[in-house]
Amino acid sequence: MARITRTTKRGLVLLSALTVTGLALAGCSGGAGSAEESGDTLKLWHYESADSAMGKAWNEAIKVFEEETGATVEFEEKSFEQIQKTASQVLDTDAAPDLMEFNKGNATAGFLASTGLITDISDAVDEYGWADKLAPSLQTTAKYSEDGVMGGDAWYGIPNYGEFVGVYYNQDAFEAAGLEIPTTYDEFVSVLDAFVAQGITPLAEAGAEYPLGQLWYQLALSNGDRQFVNDYQLYENPVDWQGDTLTTATTTLKEYVDKGYIASDVSSIKAEDAGVAFINGTAPIFVSGSWWYGRFVNEATGFDWTMTAFPGADLSLGSSGNLWVVPENAANKELAYQFIDITMRPEIQAIIGNNGGVPVAADPADITDEKSAELISTFNGILDQDGLSFYPDWPAPGFYDVIVQELQGLVTGVQDVKTTNANLGEQYDEGTAEFR
Amino acid sequence: MSVATRSGRVKLPPEQPSIPQRKGGTGAYWMYLLPGFALLIVIVIVPLIWNVYLTFTKWKGVRTPEFIGLENWQKLLTDDDFWTSFTNSVWMVIAMVVVPTIVGLIVAALLFDVVGRKFGGKVGSFLRATYYLPQILPVAIAGIVVGWIVRPGADGALNQILGFFGIPPVDWLGQMPSALIVLMVVLIWVQLGYPIVVFMAALQRVDPELYEAAELDGANWFQRFSAITMSIIRPEIFVVTLTCTIAALKVFGPVYVITRGGPAGATLVPAYYAYTEFFTKRNVGYGATIATVLTIVVVIVSIVFIRVQNSIELKERAGL
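So the sequence lines, in the order shown, correspond to chains A and B. Numbered according to this note's numbering, the first sequence spans residues 1 to 436. Numbered according to this note's numbering, the second sequence spans residues 1 to 320.
Source of the hints: derived by calculation from the structure; they are not laboratory data. In this text, all values refer to a predicted model and were calculated from it rather than measured experimentally. Beta carbons: idealized from backbone N, C-alpha and C, even for Gly. One should not assume that every hint holds.
[To be verified] Taking beta-carbon pairs under 8 Å as the criterion, some of the chain A residues facing chain B (in silico):
id	residue
1	G70
2	T251
3	E255
[What the hints assert, rightly or not] On the chain B side, residues computed to face chain A include the following (Cβ under 8 Å):
id	residue
4	W59
5	G61
6	T64
7	I149
8	P152
9	A154
10	L173
11	G174
12	Q175
13	P263
14	G265
15	K281
All chains, full assembly: derive it from the sequences and hints.
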């Protein structure tokens, strides 16, 4: 009995030691967190690479911020996926940062807004006058309703840059083929036919990731109008998935594959491969976003190229860029607002503009790079005609994967147009039900 | 003496424990198990109960779950993607259990019985390590390498080799059944080393005189393999089959890295499906339901395996 008691005691000591060690470890991390949350530290998360336009601009903003406020920026580099998939859990804790970059849209920033995880910053917007610097169509993705639907009344984020999807053309390839850069949709199709006739697959595309879905939505936008966008993105009316707009888009996309405008193996190609196909001159046309622009400036140097909005379309995919959001649990909200304000200054905006990005509040005179000026001019043209129409996967959480899967089914011949649209519609309706 | 039970099984007197028992009870030993139990409760039991509870809720991962009764379970019954994912699990079992176990048995026996004897133990050990190498390769790296090999178009490594023989490029990951075949080949490649290493370790228990005696009696390699090798390493075969089956049912990494369940959901598996419901659609309740079904299937398979193994061992010990 005495032996058992001694063993029991030993066991209890061991257990206690384990418990104390665990608590100590927890205490250490908690202690570290407490230190970080002091008033002179801004805990900042974003996922832009250091050599991107935004990365360069924000690095400069950090320097300015630290000089002007005397506060320290504690920057943690995150990945897009990391923030996208785990932010909601982190924001619900004391480990939340003071300021964070987050993807815009109903299923993302809207979701956080509706759950109360990010702060309604409307008062700060008024105080700092940020609304005056943002075009109305850029404001849509920064403002959300109670249910997390964009275009609402309350501000939940501030974008520093814009983005849109257009068409990149390899001008040398056009010249060699005796073709002109198209200005209408009919000319665009004629060019595609001409390249195919010469044995060239004209469109760089990727069905395993976002480019094919974006082309599909652009084809819908070319047939649709602003009301279609409002129905699809803002749930004003039910979307008719077997109606003319979406049936034409899906049918046309299938024809693009059947006619050889797109490679037959598009379903397994990734966005990177499509971009590289344009960079190395394999494909003369690439329908994709302005986020490629800076890279093409640096890497597509073997030929002249240009970018325009999708020919013949009044509406283009695009929106503000990602948002600065302030978590509800942030320890230093005021510092976060000061940092946002610095990123909106013309000198910081000019860094975005001169490095291949699309600033939202830059002084045109500050944009010294000719190629960047061309991009910003195209973007401003879309803004002027209220053409930004967001992205196809925004309306419902997880709809990105649904679009990829369904369009893979379409282009591989597993399912026809009607079935594809029916499947998309079913998932769309299910995913948007709670927002309506 | 053995006694036949109602179920036809054979009951034997318990074997003598190899470790001498101390008089005075075993209460003290339980103390050493407490940390393990504590971890089991915190890491397995509580999350399991929480997971099962979530199957009856609608939850986005934050704030309070909303109780919805059996809705998730009802949805599961009519969800084509769910059934596709479990159908694909059969292919994963073939790729991670059936083929590696059979091939692993043959390769292990060859390395031990033929290569080891003719070329020495070092050659056998070197080849064993070679087969095991893919096991230590991170799945993300394996996925990237495979992605390069089966890359579509004429510049993919495999397509270039095919092109050398005049065969047109194949879109390996963009269509069925090639996407599933590529995934299965990768799984076989990665998995093969595990049974080989286990079986070769088990073969160390085989008395070489048994092989020599069989050889003198005129038994060929296959007869020696089936009568001696298979019989002696049967416990290891069970262990490998069970662990590989569990791994096959919950396979995630290779699917995530190589196909992401595509094309058009053709390579979807339950673990990846649950992941997409958890993290991309934020249907945590539904994702938990898929995960719960997966857990139930794994538990049932494990119980069946262990019972069958016990039954066979009992019969063997009874000399039946």
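Cross-check of the supplied hints:
1. Hint on G70/A is violated. Least Cβ distance to chain B is approximately 35 Å, over the 8 Å limit.
2. Taken as an interface hint, T251/A does not check out: its beta carbon lies about 18 Å from the nearest beta carbon of chain B, beyond 8 Å.
3. The interface hint given for E255/A is broken, as the beta carbon of that residue sits about 19 Å from the closest beta carbon of chain B, more than 8 Å.
4. The beta carbon of W59/B is not positioned within 8 Å of any beta carbon in chain A (closest approach about 11 Å), and the interface hint is therefore violated.
5. Because the beta carbon of G61/B sits about 6 Å from the nearest beta carbon in chain A, less than 8 Å, this interface hint is met.
6. Nearest Cβ of chain A to the Cβ of T64/B: about 11 Å, over the 8 Å cut. The hint is violated.
7. Nearest Cβ of chain A to the Cβ of I149/B: about 13 Å, over the 8 Å cut. The hint is violated.
8. Among the interface hints, the one on P152/B holds; its C-beta lies about 4 Å from the nearest C-beta in chain A, closer than the 8 Å criterion.
9. Interface hint status for A154/B: violated, as the beta-carbon distance to the closest one in chain A is roughly 10 Å, over 8 Å.
10. The beta carbon of L173/B is positioned within 8 Å of a beta carbon in chain A (closest approach about 4 Å), and the interface hint is therefore held.
11. A distance limit of 8 Å between C-beta atoms decides the matter here; for G174/B the minimum to chain A is near 3 Å, and the interface restraint holds.
12. For Q175/B, the interface hint holds, the least distance from its beta-carbon to any beta-carbon of chain A being 5 Å, beneath 8 Å.
13. The beta carbon of P263/B is positioned within 8 Å of a beta carbon in chain A (closest approach about 4 Å), and the interface hint is therefore held.
14. With a least beta-carbon distance of about 5 Å to chain A, the hint placing G265/B at the interface is held under the 8 Å criterion.
15. Because the beta carbon of K281/B sits about 3 Å from the nearest beta carbon in chain A, less than 8 Å, this interface hint is met.
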